[in-house]
Structure formats: structure tokens, C-alpha cells
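From first to last, the protein sequence lines stand for chains A and B.
Residue 408 in UniProt numbering sits at position 408 of the first sequence; the count goes up by one each step and never skips.
Residue 287 in UniProt numbering sits at position 287 of the second sequence; the count goes up by one each step and never skips.
Some clues are possibly wrong.
Same chains, same names: a pair is fine if it fits in one copy or spans any two.
Straight-line alpha carbon distances no greater than 20 angstroms define the calculated SDA-like cross-link-like pairs of lysine to any residue that follow [as the list claims (entries may be wrong)]:
id, residue 1, residue 2
1, K78, T140
2, K244, F317
3, K78, G362
4, K379, A46
5, K78, G249
6, K78, L361
These are computed hints drawn from the structure, not numbers from a lab.
2 protein chains.
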Amino acid sequence: MSAKLSRRRAITLAGAGVAGVAGVAAGAGALVRGGAEHASADQGAAAGAVPFHGEHQAGITTPAQDRLHFVAFDVVTKDRARLVELLGEWTAAAARMTAGKDAGVIGAVGGVPEAPPDDTGEALGLPPSQLTLTVGFGPTLFRDARGRDRFGLADRRPAALVDLPHFAGDALRPEISGGDLCVQACANDPQVAVHAIRNLARIGMGVVSVRWSQLGFGRTSSTSTGQATPRNLFGFKDGTANLKAEDGGLLREHLWVQPGDGPDWMTGGSYLVTRKIRMLVETWDRSSLVEQEQIVGRAKGSGAPLGRGDEFDEPDFAAKGDDGQPVIAETSHVRLAHPDANDGARLLRRGYNFVDGSDGLGRLDAGLFFIAYQRDPRKQFVPIQTRLARNDAMNEYLRHVSSGIFACPPGVRDGGDHWGRALFG
Amino acid sequence: MSAKLSRRRAITLAGAGVAGVAGVAAGAGALVRGGAEHASADQGAAAGAVPFHGEHQAGITTPAQDRLHFVAFDVVTKDRARLVELLGEWTAAAARMTAGKDAGVIGAVGGVPEAPPDDTGEALGLPPSQLTLTVGFGPTLFRDARGRDRFGLADRRPAALVDLPHFAGDALRPEISGGDLCVQACANDPQVAVHAIRNLARIGMGVVSVRWSQLGFGRTSSTSTGQATPRNLFGFKDGTANLKAEDGGLLREHLWVQPGDGPDWMTGGSYLVTRKIRMLVETWDRSSLVEQEQIVGRAKGSGAPLGRGDEFDEPDFAAKGDDGQPVIAETSHVRLAHPDANDGARLLRRGYNFVDGSDGLGRLDAGLFFIAYQRDPRKQFVPIQTRLARNDAMNEYLRHVSSGIFACPPGVRDGGDHWGRALFG
Ligand code: HEM
Ligand code: HEM
Numbered sequence: 001m002s003a004k005l006s007r008r009r010a011i012t013l014a015g016a017g018v019a020g021v022a023g024v025a026a027g028a029g030a031l032v033r034g035g036a037e038h039a040s041a042d043q044g045a046a047a048g049a050v051p052f053h054g055e056h057q058a059g060i061t062t063p064a065q066d067r068l069h070f071v072a073f074d075v076v077t078k079d080r081a082r083l084v085e086l087l088g089e090w091t092a093a094a095a096r097m098t099a100g101k102d103a104g105v106i107g108a109v110g111g112v113p114e115a116p117p118d119d120t121g122e123a124l125g126l127p128p129s130q131l132t133l134t135v136g137f138g139p140t141l142f143r144d145a146r147g148r149d150r151f152g153l154a155d156r157r158p159a160a161l162v163d164l165p166h167f168a169g170d171a172l173r174p175e176i177s178g179g180d181l182c183v184q185a186c187a188n189d190p191q192v193a194v195h196a197i198r199n200l201a202r203i204g205m206g207v208v209s210v211r212w213s214q215l216g217f218g219r220t221s222s223t224s225t226g227q228a229t230p231r232n233l234f235g236f237k238d239g240t241a242n243l244k245a246e247d248g249g250l251l252r253e254h255l256w257v258q259p260g261d262g263p264d265w266m267t268g269g270s271y272l273v274t275r276k277i278r279m280l281v282e283t284w285d286r287s288s289l290v291e292q293e294q295i296v297g298r299a300k301g302s303g304a305p306l307g308r309g310d311e312f313d314e315p316d317f318a319a320k321g322d323d324g325q326p327v328i329a330e331t332s333h334v335r336l337a338h339p340d341a342n343d344g345a346r347l348l349r350r351g352y353n354f355v356d357g358s359d360g361l362g363r364l365d366a367g368l369f370f371i372a373y374q375r376d377p378r379k380q381f382v383p384i385q386t387r388l389a390r391n392d393a394m395n396e397y398l399r400h401v402s403s404g405i406f407a408c409p410p411g412v413r414d415g416g417d418h419w420g421r422a423l424f425g
Numbered sequence: 001m002s003a004k005l006s007r008r009r010a011i012t013l014a015g016a017g018v019a020g021v022a023g024v025a026a027g028a029g030a031l032v033r034g035g036a037e038h039a040s041a042d043q044g045a046a047a048g049a050v051p052f053h054g055e056h057q058a059g060i061t062t063p064a065q066d067r068l069h070f071v072a073f074d075v076v077t078k079d080r081a082r083l084v085e086l087l088g089e090w091t092a093a094a095a096r097m098t099a100g101k102d103a104g105v106i107g108a109v110g111g112v113p114e115a116p117p118d119d120t121g122e123a124l125g126l127p128p129s130q131l132t133l134t135v136g137f138g139p140t141l142f143r144d145a146r147g148r149d150r151f152g153l154a155d156r157r158p159a160a161l162v163d164l165p166h167f168a169g170d171a172l173r174p175e176i177s178g179g180d181l182c183v184q185a186c187a188n189d190p191q192v193a194v195h196a197i198r199n200l201a202r203i204g205m206g207v208v209s210v211r212w213s214q215l216g217f218g219r220t221s222s223t224s225t226g227q228a229t230p231r232n233l234f235g236f237k238d239g240t241a242n243l244k245a246e247d248g249g250l251l252r253e254h255l256w257v258q259p260g261d262g263p264d265w266m267t268g269g270s271y272l273v274t275r276k277i278r279m280l281v282e283t284w285d286r287s288s289l290v291e292q293e294q295i296v297g298r299a300k301g302s303g304a305p306l307g308r309g310d311e312f313d314e315p316d317f318a319a320k321g322d323d324g325q326p327v328i329a330e331t332s333h334v335r336l337a338h339p340d341a342n343d344g345a346r347l348l349r350r351g352y353n354f355v356d357g358s359d360g361l362g363r364l365d366a367g368l369f370f371i372a373y374q375r376d377p378r379k380q381f382v383p384i385q386t387r388l389a390r391n392d393a394m395n396e397y398l399r400h401v402s403s404g405i406f407a408c409p410p411g412v413r414d415g416g417d418h419w420g421r422a423l424f425g
């Protein structure tokens with residue numbers, strides 16, 4: 001396959017300016033989307049490139065970029081070899097695009113005016129913008145809804161890649177849930193994230209089909225101690241008590257799949273849970289500040305746990321107010337989601353705000369596209385969400401409308417490695 | 001009304017940290033969203049403030065910001081005085097928010113923990129980000145679908161504020177078309193644009209209701225000679241031949257309503273047409289580079305008119321190729337949209353790319369949220385779009401799914417002036 005790829009020509013828009021099939025060359029010469037040369041000093045780190053290769057996939061502990069385009073695909077071929085070939089093509093394209101280059105691969109030909117361009121072009125001239133592309137495999141890739149082993153992978157499915165149970169209050173729409181494969185594109189420029197997903201979809205034509213996709217416009221969690229904590233659409237700081245890139249030992253304990261956890265192909269990987277959570281912001285906006293803070297368990301201004309002074313103070317769940325009631329309510333989000341209430345379980349949250357227009361009832365269709373990475377959803381997302389779904393006072397203002405779970409393998413090593421190689425190998 | 005406003009307290013989150021209704025103050029002090037102090041030097045111009053007051057509304061010739069949140073409202077009250085009062089409240093909030101401050105007004109009370117906060121909070125700590133808020137009045141504000149004069153404005157409706165005719169190929173969805181009022185929020189940070197629209201909707205509760213809203217993630221047109229031309233989702237440069245802020249006399253001729261054009265209240269204003277145009281990007285991506293360039297009439301790489309060398313060269317519509325065919329095809333978008341084909345008519349285009357997830361058929365639901373400002377739609381948008389709808393080769397890849405037309409009054413003068421004062425006055 002790599003021989004095949006190397007035969008392909010890198011995209012140019014050398015055909016640009018050609019007037020008609022007659023082929024009268026005119027105007028613009030070759031225009032290749034470059035990499036490093038775009039990330040000039042004045043554009044700063046936000047425009048730079050994040051290394052694609054490594055022990056873990058980028059896009060997990062990478063300091064959360066500002067924008068998201070998330071896509072879930074259905075595999076529409078029955079041909080295992082074709083699927084593996086696509087994963088190789090995708091890997092090559094992902095390595096190029098995250099470096100700020102064009103997608104560079106499509107079908108058999110490229111770079112000639114009579115053929116479709118090798119790249120859709122809308123990111124020409126844009127810097128890498130810290131694009132990361134993170135791949136994941138859904139339960140249905142291993143066995144479909146009717147229990148069929150589609151690609152001879154059934155015995156390679158990790159036990160941790162559970163079918164998520166029904167949670168109290170779930171209002172899931174199946175057509176925007178699940179998926180055989182997913183790709184999370186994060187970047188500091190939405191055009192770059194959209195361009196990447198679109199080109200992967202284009203390269204995958206006939207092999208995969210877009211099942212659903214979601215744009216996120218503002219990160220709602222910090223994933224690095226170097227980042228200021230952003231605010232979600234309830235106006236609260238989000239990500240304060242998140243697992244962060246700098247957490248070393250905690251990442252081994254809570255984030256990365258360790259040797260012996262399950263099948264080898266997942267060692268160094270992580271499990272991703274996505275939940276699209278509609279937030280009834282109009283109702284929220286009518287509730288009082290006191291009520292909002294009681295629901296979250298933190299102060300809206302500073303983000304400090306109620307009763308404490310600083311955002312990063314530990315919450316004191318035992319403290320009582322003058323009225324004898326807990327300062328941090330029993331039904332508050334922070335109390336119920338905290339490791340103390342969940343056998344020490346933690347998540348690396350990496351969600352994004354969304355606004356999908358309005359809902360036809362005079363309200364914005366807005367909320368949180370929740371993304372969480374973890375070592376084992378059975379011990380992390382599932383018990384935490386079970387507790388939240390039952391008791392969280394915030395539920396009055398939330399509707400979970402989509403859900404996904406994916407096994408994200410470890411990073412791609414330089415050389416012959418590609419997405420899914422260890423899984424299919 | 002302004003007396004009423006001045007009685008209201010500016011928002012603080014002074015209640016932050018209060019533990020329960022008992023009101024034990026703790027933690028965070030007052031947290032007010034500041035203005036200038038956030039736009040520190042290192043954040044640069046993109047983070048700064050655009051003046052709200054002036055001869056014309058901002059957000060038209062303002063160099064196009066990167067992000068859009070557009071909203072159309074239905075007026076749900078019959079009470080003219082209440083509507084006028086809201087327009088005053090909105091103006092005050094818009095002046096504050098465009099300066100990087102909180103919305104600052106809601107209902108009768110504010111700033112106390114037992115009341116809803118005066119601002120939804122998700123933009124706290126964010127700089128002004130060149131936020132502009134541009135208001136417009138739709139035909140149905142003057143006379144509703146059943147012909148009723150709802151607010152005594154029927155005789156003030158400008159003749160130029162036409163009901164747009166049906167264009168060939170229109171596939172409009174009424175529920176995301178039209179509207180009594182619109183607000184266009186543009187900013188370099190989507191969180192800031194979304195925050196602004198949301199707070200206007202919140203302040204308007206009971207008076208207006210969100211009819212539809214649209215997020216745009218990347219500007220598709222440059223509106224200033226200082227801006228590089230961005231690319232749309234067909235991968236082409238967009239905005240090359242746009243009307244631009246620096247065009248002086250052309251702006252008087254084509255953009256701003258002149259004295260005598262119609263009712264005085266619109267002098268210095270402009271008419272806005274919006275079209276949500278789905279772009280069938282998957283089909284487009286399968287067409288050859290030559291075909292794409294023939295359809296647009298420009299080179300994909302450089303943006304130069306076919307047969308010419310530089311992006312800003314004038315197209316030569318008379319030139320023929322070796323095959324005797326016009327170098328710029330008769331059905332090309334640029335030929336049909338060019339002033340030469342339209343009695344000299346020009347538009348100031350200010351559209352944004354959108355991706356609204358996927359369409360359930362394996363394709364991205366993506367396209368252009370087209371925005372155009374002009375002096376008189378009867379002489380500009382309507383004839384141009386009539387021509388395009390009939391003959392543009394690009395139509396094969398387009399679907400117009402929503403449409404709106406709005407009369408955008410001139411700018412608000414400092415002091416007692418507010419949105420709609422001259423219209424209702
Ligand atoms: C729209 C829905 C949600 C909103 C608005 C929300 C908001 C928040 C906020 C404001 C915090 C406090 C600041 C922080 O530490 O980040 C927080 C913490 C947290 N949330 Fe959520 N959250 C939502 C859904 C969820 C879900 C579905 C889960 C997992 C099942 C979750 C798990 C957590 C965890 C683990 C913490 C940290 C708790 C701690 O250790 O103190 N959240 N969330
Ligand atoms: C998704 C739909 C559309 C796409 C992809 C598109 C794309 C383009 C492109 C690539 C150009 C050439 C570069 C430039 O001068 O900006 C252009 C020019 C232009 N377009 Fe469109 N356009 C679309 C819809 C429309 C509509 C609906 C109108 C108005 C009814 C319109 C009016 C114009 C005008 C006036 C020009 C400048 C022509 C000239 O003076 O050379 N476009 N468009």
C-alpha cells in the first residue's frame with residue numbers, strides 16, 4: 001500500500017487557470033498547501049503543528065484547541081482488505097493535514113486538470129492551526145446490530161468497549177448516535193477542522209459513509225494546566241477539576257489503557273465516550289444565581305467550590321451552612337461527579353459548545369457536545385453517569401440526545417504503521 | 001425608558017460564592033466583564049472593539065470578522081410600546097456587549113443572588129473580539145401574512161423592502177425563512193457572538209421569540225482591501241470582486257440608502273438579503289478541476305479570472321480559446337453575477353460557511369449562509385439572483401433552503417437614540 005501511495009502525486013493546483021478542456025494554461029502556477037512556512041512567527045503557537053506520530057494519539061492530552069468537527073462513519077463495504085487500505089490512506093492524509101499540508105491522496109489519479117482535485121482546497125493558505133485527528137472504533141465494527149462478525153474482529157473487541165446502558169432520562173436519537181468509526185478533528189481554526197473531516201470522507205467514498213457529524217465552536221474544558229478555564233453555556237467555568245496533560249501518574253491510572261487491561265492492540269490507547277447534551281439555556285437563564293450555584297456546586301464568578309475562595313481549592317463536601325444544610329448540596333453536579341462519590345474514578349473531559357440553530361419552539365438548540373477519554377468506561381463514565389442521571393439537579397436543564405463509545409488505539413509510529421494496523425494485523 | 005435603564009444596576013456576579021439562600025458570602029468578589037482592559041496588546045486587533053455608534057450600523061463595511069451567529073425573531077407581543085421599549089433595551093445591551101461588557105439589563109432587578117443573573121456569563125473574561133450587532137426589520141413587521149398592520153407601521157414600509165419573488169430551483173423551508181426582526185452578530189470569537197444573540201433573546205423574552213438562527217464558522221468574503229480573500233467550501237477564493245469598505249463613491253451608489261430613495265428612516269441604512277445555500281460538496285468534489293473552474297469562471301488556485309494572471313485582474317468576457325469557445329463560459333457564475341450582465345448592479349457580500357452536521361444520507365449538511373447588503377434589492381439582489389437561478393452552471397451543486405430580507409436602518413447616534421427610533425418615532 002505504501003508503494004501505491006508513493007506513486008501518487010502530491011496535490012498541486014497546477015491545473016488552475018486552465019481555460020476549458022482545450023487546456024490552455026494561464027494564470028496561476030502550482031499552489032501547494034505548505035506546512036511550516038505558513039506558521040510564521042506572528043501567528044504564534046495557535047497556528048503551529050501538533051506532531052501526528054507518537055506513543056499516544058494526539059487530540060487527547062493535547063491542550064484543547066478552540067474548535068471541533070467530530071464525525072462518525074458507517075462502514076459500507078464488506079471487503080476487509082478495502083477497509084484496511086482506507087485506514088492506511090487516511091493515516092497518510094491525516095499525517096499530511098495535521099502538518100498543514102493538503103490531503104494529497106485520492107483514488108488512482110491526481111494533479112491533472114481532467115481529474116477531481118486531490119484536495120478540496122478550502123484550507124489552502126491556512127496554517128496547521130494545531131489540527132489533531134483522533135480515530136476510534138465503535139462496537140458495531142466488531143459485531144453489527146444483528147450480531148454478525150463483519151470483519152473477523154469479534155474476538156478482538158475489548159471488554160471495556162461496552163454497549164452503553166440506558167441511563168435515566170436518556171432521549172437518544174439513534175440516527176445521531178453510535179457509528180463504526182469516528183474521527184475527532186480539533187483545531188484552532190474551524191475551516192481547518194472541517195476541511196480535514198471532509199477530505200477524509202471524500203477519500204473514504206464507497207468504503208465509509210458519514211453517519212453523523214457535529215461542529216463544536218468553543219472548547220468547554222481545559223486539558224492542560226497552562227490553559228485558562230473556559231466557560232460552558234451555563235456560564236460556569238468548566239474543566240477546573242479535569243484530568244490534565246501534566247497529571248503523569250494519574251493519566252496512567254485513569255486515561256491510558258495499560259498492558260494487561262485487555263487486548264494488546266489497545267495498550268496505550270483510550271476509550272472515548274461522546275454525549276450530545278442539549279442545554280435548556282432559556283430555562284436556566286430564568287433561574288436565580290443562588291440556584292445555579294447550588295446546582296453546580298461551584299461559584300459562577302470564580303469557579304471556586306462553594307464555601308471556598310479559589311477556583312482550584314478542593315471542595316469541602318462536609319461543610320455545613322448556618323442553616324445546617326450542606327454548603328455543597330447533595331444533588332449538586334460537582335458532588336455527584338467527584339472522585340469521592342465514584343470510587344476515585346476520573347475522566348479527561350474535552351467537550352465543546354454547540355449551537356445548531358433553533359428548535360422551532362422559539363429556543364436555541366444549544367448545548368454541550370460532551371467528550372470524555374478514559375482507561376475503562378465500565379469503571380468511569382458508566383458509574384459516574386448512572387449517578388448523575390439519577391440525582392443530578394442539573395438534569396432539569398439537560399437532555400442527552402446522542403451517545404457514542406469508541407476504542408481509540410495508541411498513536412501511530414513513524415514508518416509503515418497506520419490506523420488500525422495492530423487491530424487488523 | 002432611559003431613566004428606567006439607568007436605575008438598573010450593572011451586572012456583577014457579586015453573588016458568586018454565596019452558599020444557599022441563607023446568603024453566606026464566600027469566595028469570589030464582584031466579577032464584571034470589562035471592556036478595554038481585556039484587549040491587551042498581545043491579543044491584537046482581532047480582540048479589540050468596533051465602535052457601536054455612528055452614521056451607519058457596524059457589521060456591514062466592518063472588515064468581515066471570522067464568525068457569525070445570525071438570528072431572526074418573531075414579535076410575539078401586540079403591544080407596540082413594549083416592542084419599542086425592547087428595542088431601547090436591546091440598543092443599550094448591544095452598546096455594552098460590543099464594547100466587551102456584559103449585557104447588563106434584564107427585567108426589573110439585577111445583581112442580587114436571589115434573582116437571575118443580568119448576564120448569562122459564558123463570555124466573562126473574553127475580549128470584545130470585534131463584535132458587531134446589526135439589526136434589521138422584515139416585511140412582516142409592517143404587515144403580517146394576513147395583511148394586518150400590526151404596529152401601525154404599514155405606511156412606513158419602504159418599497160425596496162420587497163417580498164422576494166420565487167426563484168427557479170428554490171427549495172425554501174418556511175420555518176427557517178423570513179422573520180419580523182433580525183440581528184446579525186459577527187465576531188472573531190464564536191462564543192462572543194453566541195453570547196450576544198443569546199442575551200438579546202433573553203432580554204426579549206415575552207416580546208420576541210427566536211424564529212431561526214444560524215451559526216457560520218468561517219467568513220467567505222472579504223469586505224476590505226486589507227483582508228486576504230478567504231475560500232468557500234468549493235475551495236475557491238470568495239470576495240475578490242466584492243464591494244469593499246474602501247470603495248467610497250461605489251458604496252453611496254450601491255450600498256447605502258440615499259436621501260430620497262424612500263422613507264427618511266432608512267436613509268443611511270442598507271437592505272440585507274440572506275440565503276442559506278446548501279452546497280453539495282460531495283458531488284462537487286467528484287467534478288474535475290477544469291469543470292469547477294469553468295463553472296466559477298475563475299482559477300481555483302489564484303482566484304484570477306480564467307485567461308488572466310492575477311486575482312484582481314478584470315475578467316475578459318470577450319476572450320475566446322483555441323476552440324473558439326469563450327474562455328469564461330456563458331453559464332459561469334462570475335459572468336452571470338458580474339455588473340456587466342446586471343446593469344452595473346453590485347452587492348456587498350458578507351457570507352459565512354456553515355456545517356450543520358450531516359443530512360442522514362451520508363453527506364455533510366454544509367454550505368454558504370449568503371449575506372448581501374445593498375441600496376435597493378429590486379435593482380440588485382433580485383435581478384442578479386433571477387439570472388443566476390436560471391442559468392448558473394453552479395446550480396447543479398446548490399440548494400437554496402432559506403431566505404430572508406430585512407431593512408437595516410442607519411447607525412445609532414450617541415445619546416437618546418436607539419434601534420428603530422426613527423421608524424417608530
Ligand atoms: C451539559 C452537561 C454538563 C455540564 C453543563 C457540566 C458542567 C460541569 C461543571 C461546571 C463542572 C465544574 C468545573 C469542573 O471541574 O470542570 C463539572 C465538573 C465535572 N463534570 Fe460535568 N457537566 C456536564 C455533564 C457531565 C457529564 C455527562 C459527566 C460524566 C458522566 C460529567 C462529569 C464531570 C466531572 C467528572 C466533573 C469533575 C468533578 C470534580 O472532580 O470536581 N459532567 N461539570
Ligand atoms: C453557494 C453559493 C455561491 C457560491 C459558492 C459563490 C461563489 C462565488 C465565487 C467563487 C465568486 C468569485 C470571487 C468573487 O468575486 O467573490 C463569486 C462572485 C460573485 N457572486 Fe457568488 N457564489 C454563490 C452565490 C451567490 C449568490 C446567491 C449571489 C447573488 C445573487 C452571488 C453573487 C456574486 C457576485 C455579485 C459576484 C461578483 C461577480 C463579479 O463582479 O465578478 N453569488 N461567487
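A quick look at each hint next to the structure:
For a Cα distance limit of 20 angstroms, the shortest separation of K78 from T140 inside one copy, 13 angstroms, qualifies, whereas the shortest one across copies, 54 angstroms, does not. In the homo-oligomer, the alpha carbons of K244 and F317 never lie at most 20 angstroms apart, since the shortest distance is 23 angstroms inside one protomer and 59 angstroms across protomers. Proximity of K78 and G362 under a CA criterion of 20 angstroms is satisfied inter-copy only: 17 angstroms between copies versus 44 angstroms inside one chain copy. Within a single copy, K379 and A46 get their C-alpha atoms no closer than 35 angstroms, and across copies no closer than 44 angstroms, so neither meets the 20 angstroms cut-off.
In the homo-oligomer, the alpha carbons of K78 and G249 never lie at most 20 angstroms apart, since the shortest distance is 41 angstroms inside one protomer and 63 angstroms across protomers. When the C-alpha separation of K78 and L361 is checked against a cutoff of 20 angstroms, the pair qualifies only between copies, where the shortest distance is 19 angstroms, while the shortest distance within a copy is 42 angstroms.
Of the numbered hints given earlier, the model fails hints 2, 4 and 5; all others are met.
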